[in-house]
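Protein chains in written order, with the working numbering: chain W, 185 to 344; chain Y, 185 to 344; chain H, 5 to 392; chain X, 5 to 392.
Honestly, the hints are just simulated from the structure, not real lab data.
Every residue gets a Cβ at the ideal spot worked out from N, C-alpha and C, and that includes glycine.
One thing to keep in mind: the hints can contain errors.
[Stated by the list, open to error] Far from chain Y, by Cβ distances over 12 angstroms, these chain X residues were calculated:
#: 1; residue: 8
#: 2; residue: 144
#: 3; residue: 198
#: 4; residue: 217
#: 5; residue: 231
#: 6; residue: 233
#: 7; residue: 236
#: 8; residue: 309
#: 9; residue: 310
#: 10; residue: 319
#: 11; residue: 322
#: 12; residue: 359
[Claimed, not checked] The calculated lysine-lysine pairs, modelled on DSS-like cross-linking and capped at a C-alpha distance of 27 angstroms, are:
#: 13; chain 1: Y; residue 1: 329; chain 2: Y; residue 2: 222
#: 14; chain 1: H; residue 1: 8; chain 2: X; residue 2: 274
#: 15; chain 1: W; residue 1: 315; chain 2: X; residue 2: 310
#: 16; chain 1: Y; residue 1: 198; chain 2: H; residue 2: 36
#: 17; chain 1: X; residue 1: 199; chain 2: W; residue 2: 195
#: 18; chain 1: X; residue 1: 231; chain 2: H; residue 2: 274
#: 19; chain 1: W; residue 1: 315; chain 2: W; residue 2: 295
#: 20; chain 1: H; residue 1: 182; chain 2: Y; residue 2: 315
#: 21; chain 1: X; residue 1: 274; chain 2: H; residue 2: 36
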Amino acid sequence: MGMAERKTERKTIKREGPVIDSIPIIYKHRIPISKTVKYWDGLKEGKIYAVRCKSCGAVYYPPQADCPYCGSSDIEWFELPKEGVLETFTRIYARPQGYEDFEPYIIAIAKVGDVRVMGWLVNVKDERCVKVGDEVTLSTAYIEKHNKYIITFQLKNKQC
Amino acid sequence: MGMAERKTERKTIKREGPVIDSIPIIYKHRIPISKTVKYWDGLKEGKIYAVRCKSCGAVYYPPQADCPYCGSSDIEWFELPKEGVLETFTRIYARPQGYEDFEPYIIAIAKVGDVRVMGWLVNVKDERCVKVGDEVTLSTAYIEKHNKYIITFQLKNKQC
Amino acid sequence: MFRKVGIIGVGQSVFGVRGDVTIQELAWEAVKEALEDAGLTQRDIEISIVGSAGTRTYELYPAVPVNEYSGFSEKGPIRVEAACATGSAALAVAYNMVASGFVDVALAIGVEKMNEVDTATSLAVGGRGGNYLWEYHFYGTTFPGYYALYATAHMAKFGTTEEQLALVRVKNQKYAAKNPKAQFQFEVTVDDVLKSRPVAWPLKLYDCSAITDGAAAAVIASEDAIKNLHIDTPVWIEAIGYASDTANITKREDYVGLKATRLAAQMAYKKSHIEPKDVEVAEVHDCFTIAEIMAYEDLGFVEKGKGGKFIEEGQSDIGGKVAVNLSGGLLGKGHPLGATGLAMIYELVKQLREERERGRQAPLKKYIALAHNIGGTGHYGYVTILRR
Amino acid sequence: MFRKVGIIGVGQSVFGVRGDVTIQELAWEAVKEALEDAGLTQRDIEISIVGSAGTRTYELYPAVPVNEYSGFSEKGPIRVEAACATGSAALAVAYNMVASGFVDVALAIGVEKMNEVDTATSLAVGGRGGNYLWEYHFYGTTFPGYYALYATAHMAKFGTTEEQLALVRVKNQKYAAKNPKAQFQFEVTVDDVLKSRPVAWPLKLYDCSAITDGAAAAVIASEDAIKNLHIDTPVWIEAIGYASDTANITKREDYVGLKATRLAAQMAYKKSHIEPKDVEVAEVHDCFTIAEIMAYEDLGFVEKGKGGKFIEEGQSDIGGKVAVNLSGGLLGKGHPLGATGLAMIYELVKQLREERERGRQAPLKKYIALAHNIGGTGHYGYVTILRR
Ligand SMILES: [Zn+2]
Ligand SMILES: [Zn+2]
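Extracted from the complex, chain W is given alone in its bound form (with noise of 0.2 angstroms):
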């Protein structure tokens, strides 16, 4: 054996035997937003609301509506701006359980006035071209498969 061909044996733990298949377990959760609701219908309408204590000031997005620094459950709801600035990004290649029958998705993070906001990032073929930095709009969009909203981003100022 060669020198190079003894170069690409690539030594790896990987040791399998018989296996048996377990029981399958499935989780659905029911998922109590009582207290976020106006967030979530909020989402229907095209709106993204965050939080204020009424009695501190403190900003919550996500929004919560107990204020653990002075112990307020006093909140005010109010709409954030629909636009942002991209502090980051990352195109999902490998998705989990649950998303397999998505198009590889870009997860970006934008701040939007006091807050960050986490969306999708869509309408984006190169994710080479999108830079930190760049401007963004926000709208909300209908997930069938989920069904479920969700907050989407788009470029202000350019195409990629």
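Since the structure of chain W is provided, determine the placement of chains Y, H and X with the ligands on it from the hints.
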């Protein structure tokens, strides 16, 4: 409202509200049986195997191929007798996910030789007539739904 | 232990089906009360320990979301799990982190959302507790089923009756009816229990604790910190005993008691120099009626086999030898796994401070209390002895 | 801390795809080696701490089956979970239980079986780490995706290049190739890394640690016990620093470093009176190449933004400022979540004892080592400083 009525009012904390459905997650495991394959094959042949450590004599059932007490992994397999004595049992009426299709089944533990064995006690209509101390015979049975063999007990000297 | 450790604040959410809150929101109810009870804020807490079995809620790793929501980002959490004894494991870890000098003030949080999945899934998750491969996989074990195996054996050996089991539920409902944080706030009769539908024969619905959402929390501090904070009603942790037992139930010594209880109790009694007869008020692990009967025996309140007689004679009630489960117990109050151990501590701290509602305050002379918390079907045992 | 605590025995299984063993059998490989290394048996161990994320194996509550199989029934376990930092959380709990006087000798076990589910399930389980409700539920986050968010921001702000990221993998594979317990025992080139398929842009397959089965264990003892047992090569735990950060990644301060690392490191340095420049050998959390770059900076080995330069200059290699990941790191050795933190301890104890293979033993003068273990995407941070 009279006293009798008030007494039947049963205050229970049950608070409901709007919910959303999570994205379901399904777990199917491939369970390695390399070290206990003798046991799994045995069940197919109607045999129940246990393990004895050749170094210190410790007996393991359910079987394990390593003896933590003396550190040896030099073990021998031996077949358990086909008769035993009931130590305890229950009939499962409230059945878990994966077992909903089965009629309420009796899980029993029997002393078999020097070890205790879990199995389903079959051919019993009324569990109230079964007693701790009853003698049982052991066999194995194929459960198509789960593609597995299990241990079954039958009462030896009585019918219930 | 190298220094004394006390409990200076406790909190508990209302237990029950809490479809109105997420796990984070639920935990906050207990944390907020515990902080207020101690007169502290998040700034005073150096580390949080979050106990959650976490097998039924939508958050797969619940500790961090719970921690963030309650304002403890940066401060822990250490997440522990010991099945139904998770709350006690959280307390044990917090206790050691204070006793070692690692921190001076710690917060133990226990929380569980169990009603986000359906009952069949809940039974599967419970049945997989202990040992999947050799038990659930083959035989579809359930949690009530495991305790039913103990009930059958105990009844066969000692003549314990279904009526005696029922009396446990009757007693505990008497106190749950007076506990505004209990899941089931009503009384029941022996007949109600006997006539309820079979779940895992010989256990019937009312022999079983329910599927409960709930949270509890306790603030733990060193003796020095307690002095510096000017806390005047600390409850001292005299000792924590722990033990465990085999995963495989077929490897247990017998089915008429829990070795994990016996060993943990021995350790706790020995460390604290307290004997069973000194205990005036106790919260014991009555996940099923048979479990409370076995606990009387394994904790040394009465000899093995006489647990049925003990409840019949009223020895575990106020006025008896030891007042047991004045909170309503797991049966009456509910049993949210991660919260249960800390809810026991919540109750006992309130008892020792003599802050309980009329009719369910234990009369105290020595001010000694005991919490007994079992994980799985005797897989974990914790016995904690408290003194004011 | 009220007393000194040392590590007296370590063990590690072979890492990789271990379809030949169950989680119990895998844990035993590490436990057996650790006991033999310490010259002890199960009888000498007073409590076991079992760390396992436990989200991918068939045993839903893995601690008790693992404990029984290894012969520790009755002795614990305390189960802890801190996602990818689970092993370090287990060490921290064991350390406190010894330092407090609760026990004299404890065993910390870390174990993970990750290959029993398929890759899509594994990605879902990882993506649910941190926060299900506000992130995974809406956007299908994955674990590589989270770190990719950091990579994108770090590259944009500091000009860190894909080649610099690749150099981390190249260095770590150089040592993994010499580690008989590593999952990937071969060297790679920058080109190999750059040409591997995208997983979560800008991270490619070779920027990512793999899905690994493995176990590691450490026996921990008090100074007195170490004397009584006549152990002559203890490695002392000088300090453990811990921290955490928000569950929601949108609430982080920035995406160019991990606050949990910075805070945990500060705590560990302060407690031990050791500075970054004193550290001679380190195992840092390189779950992704970008993570190792950020670790250099957040641990204070180099200033923020210069991590790419640091690897380029060979400063993290033998002969540089600090020898990092001579085990092959998580990238080369594999990353079985519950085991990783204790596998770092295994490696560093062997390094401090100068027992490593030729070519991957760090040259030591001060005999000071550092383990850096992150849980989730900065949700947990542990920094442990060891000294022989
Ligand atoms: Zn506020
Ligand atoms: Zn042996």
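These are the hints, each one checked on the structure:
1. 8: Holds, because the least Cβ-Cβ distance between residue 8(X) and chain Y comes to about 29 angstroms, which exceeds 12 angstroms.
2. 144: Not fine: 8 angstroms to the nearest Cβ puts residue 144(X) too close to chain Y.
3. 198: With a cut-off of 12 angstroms, residue 198(X) remains clear of chain Y, as the shortest Cβ separation is near 33 angstroms.
4. 217: Contrary to the label, residue 217(X) does not stay out of reach of chain Y, its closest Cβ about 9 angstroms off (not over 12 angstroms).
5. 231: holds (26 angstroms)
6. 233: Holds, because the least Cβ-Cβ distance between residue 233(X) and chain Y comes to about 18 angstroms, which exceeds 12 angstroms.
7. 236: Per Cβ check, residue 236(X) is outside 12 angstroms of chain Y; nearest 22 angstroms; holds.
8. 309: holds (38 angstroms)
9. 310: holds (41 angstroms)
10. 319: Correct as stated: the minimum Cβ-Cβ distance to chain Y is 42 angstroms, above 12 angstroms.
11. 322: Residue 322(X) clear of chain Y: closest Cβ-Cβ about 35 angstroms, beyond 12 angstroms.
12. 359: Its Cβ never comes within 12 angstroms of chain Y, the nearest being 21 angstroms, so this holds.
13. 329(Y) to 222(Y): holds (22 angstroms)
14. 8(H) to 274(X): holds (26 angstroms)
15. 315(W) to 310(X): Distance of about 21 angstroms is within 27 angstroms: holds.
16. 198(Y) to 36(H): Cα-Cα ~22 angstroms, so holds.
17. 199(X) to 195(W): holds (20 angstroms)
18. 231(X) to 274(H): Holds, at about 26 angstroms.
19. 315(W) to 295(W): holds (14 angstroms)
20. 182(H) to 315(Y): violated (40 angstroms)
21. 274(X) to 36(H): violated (31 angstroms)
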